[in-house]
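Undergrad: Construct all of the structure, not just a fragment, from the sequences and the given hints.
These protein sequence lines are chains Y and Z, in that order.
Position one of the first sequence corresponds to residue 1 (the numbering used here), numbered consecutively onward.
Position one of the second sequence corresponds to residue 1 (the numbering used here), numbered consecutively onward.
These are calculated hints, taken from the structure and not from any lab test.
All of these numbers come straight from a predicted model, not from anything done at the bench.
A hint or two may mislead.
[To be verified] From the derived model, a few chain Z residues whose C-beta atoms are all more than 10 angstroms from chain Y:
(1) L89
(2) A94
(3) L125
(4) V140
(5) F163
(6) V245
[Said to hold, decoys possible] Listed below are the simulated DSSO-like cross-link pairs for lysine-lysine, each with C-alpha atoms no more than 27 angstroms apart in a straight line:
(7) Z:K166 to Z:K79
(8) Y:K214 to Y:K22
(9) Y:K123 to Y:K187
(10) Z:K166 to Y:K123
(11) Z:K13 to Z:K166
(12) Z:K13 to Y:K114
Using N, Cα and C, we set each Cβ at its ideal position, and we do this for glycine too.
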Amino acid sequence: MKLAATKEMIRTEGLTRKYGAKTAVDGVNLSVREGELFALLGVNGAGKTTTIRMLSCLAVPTAGEAFVDGKSCTKNPEEVKRIIGISPQDTAVAERLTVRENLEFMAGLYSAEKALCRERTEKMTELFHLGEVLDQQARTLSGGWKRKLSIAMAMIGEPRVLFLDEPTLGLDVLARRELWKLIGRLKEKRTIILTTHYMEEAEQLSDRIAILQKGRIRACGTLADIEEKAGVSGLENAFVALAGEEEER
Amino acid sequence: MNRTMVMAWRNRKELLRDPLSYIFCLAFPLVMLAIMTLVNESIPKEAGMTVFRIENLGPGVAVFGQTFLMLFTALNVSKDRAGSFLVRLYATPANSRDFILGYLIPMLEISVMQNAVIYAVSWILSLVTGNPLNAAGLLVSLLVLQISSAMFIGIGLLFGTLFSEKAAPGLCSILISLGSFLGCIWFDAESLGGVMLKICRLLPFYYCTKLGRSSLRLDFGGDVFLLPLLIVTACAVLICTGAAVVFRTRMRADLA
Numbered sequence: 001m002k003l004a005a006t007k008e009m010i011r012t013e014g015l016t017r018k019y020g021a022k023t024a025v026d027g028v029n030l031s032v033r034e035g036e037l038f039a040l041l042g043v044n045g046a047g048k049t050t051t052i053r054m055l056s057c058l059a060v061p062t063a064g065e066a067f068v069d070g071k072s073c074t075k076n077p078e079e080v081k082r083i084i085g086i087s088p089q090d091t092a093v094a095e096r097l098t099v100r101e102n103l104e105f106m107a108g109l110y111s112a113e114k115a116l117c118r119e120r121t122e123k124m125t126e127l128f129h130l131g132e133v134l135d136q137q138a139r140t141l142s143g144g145w146k147r148k149l150s151i152a153m154a155m156i157g158e159p160r161v162l163f164l165d166e167p168t169l170g171l172d173v174l175a176r177r178e179l180w181k182l183i184g185r186l187k188e189k190r191t192i193i194l195t196t197h198y199m200e201e202a203e204q205l206s207d208r209i210a211i212l213q214k215g216r217i218r219a220c221g222t223l224a225d226i227e228e229k230a231g232v233s234g235l236e237n238a239f240v241a242l243a244g245e246e247e248e249r
Numbered sequence: 001m002n003r004t005m006v007m008a009w010r011n012r013k014e015l016l017r018d019p020l021s022y023i024f025c026l027a028f029p030l031v032m033l034a035i036m037t038l039v040n041e042s043i044p045k046e047a048g049m050t051v052f053r054i055e056n057l058g059p060g061v062a063v064f065g066q067t068f069l070m071l072f073t074a075l076n077v078s079k080d081r082a083g084s085f086l087v088r089l090y091a092t093p094a095n096s097r098d099f100i101l102g103y104l105i106p107m108l109e110i111s112v113m114q115n116a117v118i119y120a121v122s123w124i125l126s127l128v129t130g131n132p133l134n135a136a137g138l139l140v141s142l143l144v145l146q147i148s149s150a151m152f153i154g155i156g157l158l159f160g161t162l163f164s165e166k167a168a169p170g171l172c173s174i175l176i177s178l179g180s181f182l183g184c185i186w187f188d189a190e191s192l193g194g195v196m197l198k199i200c201r202l203l204p205f206y207y208c209t210k211l212g213r214s215s216l217r218l219d220f221g222g223d224v225f226l227l228p229l230l231i232v233t234a235c236a237v238l239i240c241t242g243a244a245v246v247f248r249t250r251m252r253a254d255l256a
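TA: Right under this line is the structure:
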């Protein structure tokens, strides 16, 4: 898919968020196109999660504005919430509900039609290969299964924009690789914003990457653009060169 | 199903699958009912102690059971707030009304079931001890006591919203002890009189028990039924409204 030909799905203009004297996100300008997988990279406290929170109407910007599909996150949050899905950093699932019930529960919050809820539950079960654990309570699942369920729950409203906040955090290599495959499949049909600490993950999955440092964008573009800006090859080297340089100042 | 009922469905399922809710909300009050009935059998009639007679004990234990609904409401809300689960739900089209009613509705349903079981066991015990309870009285009392149940569930929502997962259950435990003591479930404040009775009359718990007992006797007198009904209803409305306002305010603050 030629992303340049698709429409702009996310736009931020001088997006800023302050917590008291601390500026978590500082004048971020972003543009993400439909069908793009956009990765936000940064060390802890760089402002990745705060940016996602503002884009998903979970936090109000101190200054600036964010738009999802042209709708303002501050002025029309209800409309924005209908077209987004979020998988938070912690695996936020209802522990005593089964996998099927968790999916039906989330589907019910997006649609009043029972038949549609069932249909979407079946679709997610198939897409995420959840069949073997479908009638197991979420509290009995392993970390990998919980993550898959968490992303499936974020997807059940059939969002046009999906926010994945560190989706593979704490997973073993095999579970991580399986999730990568899944995310790869999801990105064909929707815009995905992914935050991660893992350079390999961003390299493998994303179309474009933004490196956040102390709430500001230090670099944004394709892997090649970032390598060129940093003057080194490999995302990890580029990240260290760009983010490390700022840290030393 | 609308969003409120979807939220209620989830909360009901989670509560009914927690073995602790059966132990605290059902088994413990029933054990107390059985023990205190045995105690009553051992008290000589000349002592004139009526607090453990089944017509007084049944409604008392029903109110005691309701205090645990407060604990479980607080636990449910504070747990959801502690993790990212509520954050995930905030990003859906559900609004604060859906969340508040979603917490309250299943607890009220469980309250009806809990009180029905306690009254059914009370009725059996009353037959065994040769002092049968009036079925109509049991039904009226069961219905009227749902007002006090709403009050306790409202306190649970308030505590769960305001306090952490660790603090909320602790504070509820204090209130359970205070409520059962100052609600005159285990002793007769009327016969004690003095400062103790004055303190009991300052708090709504005393009126909850009194309302349950008078309605069971089908005694609808002003002092024993109407006044407690008015006080408990006012407290239930005030506390539930207050809890809803606090929840909505906290939700707005979380999203600010």
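Undergrad: Now look at each hint and say whether the structure bears it out.
TA: Tested hints:
Residue placement check: Z:L89 does not keep its beta carbon more than 10 angstroms from all beta carbons of chain Y (closest about 7 angstroms). Listed as a non-interface residue, Z:A94 fails to keep its Cβ farther than 10 angstroms from every Cβ of chain Y; the least gap is roughly 5 angstroms. At roughly 33 angstroms from the closest C-beta of chain Y, the C-beta of Z:L125 stays outside 10 angstroms, upholding its exclusion from the interface. Every CB of chain Y lies more than 10 angstroms from the CB of Z:V140, the least distance being 35 angstroms, so the non-interface label holds.
A cut-off of 10 angstroms between C-beta atoms confirms that Z:F163 is not in contact with chain Y; the least separation is 20 angstroms. Against the 10 angstroms criterion, Z:V245 stays outside the reach of chain Y, whose nearest CB is about 20 angstroms from its own CB. Between Z:K166 and Z:K79 the alpha-carbon distance is near 9 angstroms, which keeps this suggested pair within the 27 angstroms criterion. Taken as a hint, the Y:K214 and Y:K22 pair is honoured in the structure, with Cα atoms around 10 angstroms apart against an allowance of 27 angstroms.
The suggested pairing of Y:K123 with Y:K187 holds, with an alpha-carbon distance near 16 angstroms, which does not exceed 27 angstroms. Taking the CA atoms of Z:K166 and Y:K123, the gap is near 39 angstroms; set against the 27 angstroms cutoff, the hint is violated. For the suggested pair Z:K13 and Z:K166, the alpha carbons sit about 23 angstroms apart, so the restraint of at most 27 angstroms is met. With a CA separation close to 18 angstroms, the supplied pair Z:K13 and Y:K114 stays within the 27 angstroms bound.
Checked against the numbered hints given earlier, this structure breaks hints 1, 2 and 10; the rest are met.
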